[in-house]
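Based on the provided sequences and hints, a complete structural model is requested.
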Amino acid sequence: HLPCFIDKDHWPPNSPDLNPLDYCIWDEFAGAINWDMVQSKMSIINELKRSVKKIRPEVVFASCPSWTNRLHRLKQANGNCLNK
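In the numbering used here, the protein residues as written are 374 to 457.
Note that these hints are calculated values from the structure, not bench results.
There is no bait here: all hints are sound.
Pair ranges (Cβ atoms, derived): (1) Asn-407 <-> Val-432: 13 to 21 Å; (2) Gly-404 <-> Leu-444: 25 to 33 Å; (3) Val-411 <-> Asn-442: 34 to 42 Å; (4) Asp-382 <-> Cys-437: 14 to 22 Å.
Beta carbons: idealized from backbone N, C-alpha and C, even for Gly.
Here it is, written out as structure tokens:
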């Protein structure tokens with residue numbers, strides 16, 4: 374959640390085109406997971422929590438222009454799905 378970027382009251386509805394988690398964030402997240410530590414449901418929950426804390430703020434902020442670009446393109450498409 375980035376209140377300086379978009380507050381919770383203006384968060385978009387579910388839409389794959391407006392997913393604020395850019396692929397680079399998912400890559401960063403997946404790269405931080407130590408799968409050798411995962412042995413149970415509780416250990417994967419703990420590992421996911423640990424890994425999300427390792428996502429660098431600059432990676433998150435670097436994804437913001439991509440999101441605003443998608444928002445602009447979605448407006449131009451009158452809310453229809455975006456073609457890649």
